[in-house]
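2 protein chains.
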Amino acid sequence: MKFVKNKVGRSIPEELFGKKLIPFTGKGKGPYKERKYAPKIRKTSPGDSKVLTSIQEAIKKGGLADGGTISFHHHFRNGDYLLNMVCHEIAKMGLKDIRLVPSSIQPINDELLTYLEKGIITHINCGTSGKIADAISRGKMKGLLTIRSHGGRARSIENGDVEIDIAFIASPTSDEYGNINGVHGKYACGSLGYAMPDAQFANYVVAVTNTLVPFPNNPISISQDHVDSVVLLKKPIGNPAGIVTTSLRVTRDPKNLKIARDCIEVIKASGLLKEGLSFQSGAGGTALAATQFLSQYMKAKGIKGSFGMGGATEALVRMLEDGLFDAILDVQSFDIYAVRSLLNNPKHIEMGASQYANPLSSGCAVNLLDTVILGCTEIDTKFNVNTSTESDGRIMHGMGGHQDTSEGAKLTIIAAPLQRGRIPIVVDDVVSVNSPGENIDVFVTERGIAVNPESQYFDILTKTKSLNTKSIEDLKAEAEKLIGGKPQKPKTTDRIVGIIEYRDGSVLDVIYQVEK
Amino acid sequence: MKFVKNKVGRSIPEELFGKKLIPFTGKGKGPYKERKYAPKIRKTSPGDSKVLTSIQEAIKKGGLADGGTISFHHHFRNGDYLLNMVCHEIAKMGLKDIRLVPSSIQPINDELLTYLEKGIITHINCGTSGKIADAISRGKMKGLLTIRSHGGRARSIENGDVEIDIAFIASPTSDEYGNINGVHGKYACGSLGYAMPDAQFANYVVAVTNTLVPFPNNPISISQDHVDSVVLLKKPIGNPAGIVTTSLRVTRDPKNLKIARDCIEVIKASGLLKEGLSFQSGAGGTALAATQFLSQYMKAKGIKGSFGMGGATEALVRMLEDGLFDAILDVQSFDIYAVRSLLNNPKHIEMGASQYANPLSSGCAVNLLDTVILGCTEIDTKFNVNTSTESDGRIMHGMGGHQDTSEGAKLTIIAAPLQRGRIPIVVDDVVSVNSPGENIDVFVTERGIAVNPESQYFDILTKTKSLNTKSIEDLKAEAEKLIGGKPQKPKTTDRIVGIIEYRDGSVLDVIYQVEK
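Just so you know, the protein sequences line up as chains A and B, in that order. For the first sequence, counting from 1, position 305 maps to 304 in numbering that gives the first Met the number 0; every step adds exactly one. For the second sequence, counting from 1, position 11 maps to 10 in numbering that gives the first Met the number 0; every step adds exactly one.
Some hints here could point you the wrong way.
Just so you know, same-sequence chains aren't split out, so a pair can sit in one copy or run between any two.
[Claimed, not checked] Using 27 Å as the maximum straight-line C-alpha spacing, the simulated BS3-like pairs for lysine-lysine come out as follows: (1) 130 to 141; (2) 6 to 42; (3) 462 to 19; (4) 18 to 42; (5) 39 to 19; (6) 1 to 485; (7) 60 to 257; (8) 39 to 18; (9) 60 to 32; (10) 117 to 515; (11) 480 to 19; (12) 59 to 32; (13) 28 to 234.
Everything labelled a hint here was simulated from the structure, so no lab data went into it.
In isolation and in its complexed conformation, chain A is listed as follows:
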């Protein structure tokens, strides 16, 4: 295998599983294809019914065969039942070598492990967590894990890097003709943003629902002219209670609260915290706390922002309700409060994944962000950020919109403690690169704030006396001192089990199988 070093110093093979890879050469590159993908033309004629009563019928109608590709959204997060249901059906039908393209794999999907081992699922395209992630790290899947950002996923579907045979859309409500929304019914999950590129570009689209409403469903988030079958099931497609996980609760840890406060101090010092601010934060506990502190500050000072974006959380919705933003752009509703707001508040706007973050579109919303607060599992002295792997090399997460917002926002802040357990967060080289250092402006820890010397805000932030700025090397040294040395390098074999794509489709990094 021939390797080429990319811009963040990672060795990328020229080819993998028969596909040529493009090494990452810096943000803002591409398009690497001239035209969008051209999905198959289907036809539903007057008198045809779309309503089916089993997933198997839909799989057959969609013509799925060995080696095929199926897609899913993860708006139910850890309460999603559909991905498992469809895979069980596929296994029963004796299909194999299937490529999964969900927008995320969550611990609830642990039960699919056996299908990786049996070669029923051989490729996964998305961030993964739980046992599936662990198994892939240990070489249990025959093919490749391709980790993409939310914008990168939308791009890959729109430009045909991924050709979806059947998109399965868990649909809280649908009418008989496949007009879908996520805001009504017992199983409301909010925005259907991640499913929108799938609906537009898949070769067959299946809405799976427990709740058939009279035609026309209203509002229409995904419209009938893209939906080929409507599967009406009694078995629930998902559990909205699973949307909120522990990672989505406001932190109470004083260390993290300090970090959250300092994030807001950094935004203030940058000059961006003023009338018309646009803002996004991740859904981690620290980011949620930062959102609350931002809210308090804006209220106190009478500052009105323009839009908040996300991952919509209760914290963000309350800012909208308090008049601190004119609008929320919502690609994913992170809690029931946000789901209800999307239903009831016309200023809470549903947004598709391309509209949110596809870099190779006519313009995505992350491009208009003033500031974003994001997390990491590691950051290195080049400000490269890791969100996907543990320090021992095992895969643990995807990356959500990390790459997208960090490239798009004027000011990108990474908020994390200097160490977690006995693991340092700042290192010489991150195990895996999810966002390149060129996207990152500031790293905020409980023991100081490092500003990227390449950031346009370097001068203004390092000159702000109230900010405890340090070099990233100093923070690294502090971390090593606390832990008593450098962390161990992960022990890996030479088999590549995963790649991390940049949002434009080039390759940022590869992930190796860990040693037993």
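With the hints as your guide, set chain B onto chain A.
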């Protein structure tokens, strides 16, 4: 030139202007292409501005060249200023051989005549009226007029029969990133339905607006990820007063009122006028009257329908407001009352042209229509309907959604008087076929009702004693008696100046140049 006879008996050349033609072989055929069109991938990066201040800049950015194709919507109808503005600019720039793909050409576009004569505009794809239509009939345009239904237009854009270089979208409001709606501002025109396929499938998309609103515009009818430039002009893009034309007023003619009443009698007799009725009517005076009679009847009987569709008119909106429908699906707002309703009534739903009527999509709304009332300029004894040409062979109109709704609806009613002036409406053979007889169930005139023997409603309607049913041949004989003979055949040359496509892309008819 080799010709093939199609299913409605018209001789269709095998090829025209280098393009192979598919003769019409009956409804429900196609797709004739396997895949959708793959538009160019464009990119707007963080920091890029989309806002321009002249149409010329946008034409240049879109890379329009000689032989190029540009598209427009006609939601301002006879109040549209943008199509003319862009063509004047193109003429100034010295471009030539341009293909126009508006959703309609109206009399306000008469001033473009000179560009046909100069070879600046050489092909037009849409229904036309006014001087442009007349000039094409007389051979003044070098290329070909292709008349498509609204659904056929959407299909041609989605399947790449038409490749749009630049779509110009007259946008009542836009934000700086090209999120557009038609319901706000001084120049509100309502639904932007016809522009939606253009936005999705054009290779470059330009929003032209007088009203730039803060990001994000809300609601978003066409989203930023498809819009490449936003041209902000002081000169108005359109005059909403031009939306309503005389053809959109309720008739007062007793003859037409009788026809309108009988249309409702036919629907009653068919058994479709019951709970859950779905309904569309054209925007002619008789159709509007029929809508009012339907409303009165439903109110009196306590019947509640499911949805009304259109061309939304005040008459239809009032039925929604009176609770006679659950929803209106609106691809085009026909008057200011409908525009306001789309803004304020959540049950009034905006719909794209593919969602409305694209036959080669996963399912369009016309497929779910119970009944539609439509007009015609001629109908023949095979129930073939002409909407586009005069009895002397000259082009006078397009056909709107005639083909789409007549194929989709269970019961299609053509409502027209037996004669207009000294011109009979029922003839042996229509001059041009816009909708094939197989789509038509009933022809309602002031002197009797003809039911198509092929209609599933033939027995029930002809057995209903309260309906004055006659054979179409009898109606034709009556018309000839009234006028004193058969109408003259149009005098034409052997040059083909236009074709009428069926909605699936096959060719229903050709239009010849008229003799001087």
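Okay, the hints, checked on the actual structure:
Taking the shortest alpha-carbon separations for residue 130 and residue 141, only the intra-copy value of 16 Å comes in at or below 27 Å, while the best inter-copy value is 67 Å. Proximity of residue 6 and residue 42 under a CA criterion of 27 Å is satisfied inter-copy only: 22 Å between copies versus 46 Å inside one chain copy. Taking the shortest alpha-carbon separations for residue 462 and residue 19, neither the intra-copy value of 46 Å nor the inter-copy value of 70 Å comes in at or below 27 Å. Taking the shortest alpha-carbon separations for residue 18 and residue 42, only the inter-copy value of 24 Å comes in at or below 27 Å, while the best intra-copy value is 32 Å.
For the homomeric pair residue 39 and residue 19, the shortest alpha-carbon distances inside one copy (25 Å) and between copies (22 Å) are both at most 27 Å. Taking identical chains as interchangeable, the C-alpha atoms of residue 1 and residue 485 are never at most 27 Å apart, the minima being 31 Å within one chain and 82 Å between chains. When the C-alpha separation of residue 60 and residue 257 is checked against a cutoff of 27 Å, the pair qualifies neither within a copy, at 55 Å, nor between copies, at 49 Å. With identical chains, the CA atoms of residue 39 and residue 18 are at most 27 Å apart both within one copy (23 Å) and between copies (22 Å).
For the homomeric pair residue 60 and residue 32, the shortest alpha-carbon distance between copies (20 Å) is at most 27 Å, but the shortest distance inside one copy (30 Å) is not. Within a single copy, residue 117 and residue 515 get their C-alpha atoms as close as 20 Å, which meets the 27 Å cut-off; across copies the closest is 77 Å, which misses it. Taking CA atoms no more than 27 Å apart as the test, residue 480 paired with residue 19 passes in neither setting, with 43 Å inside one copy and 77 Å between copies. Only between protomers do residue 59 and residue 32 lie at most 27 Å apart by alpha-carbon distance; the minimum there is 23 Å, versus 31 Å within a single protomer.
In this homomeric assembly, residue 28 and residue 234 never come within 27 Å of each other (Cα to Cα): the closest approach is 45 Å inside a single copy and 37 Å across copies.
The structure fails to meet hints 3, 6, 7, 11 and 13 from the earlier list, while all remaining hints are met.
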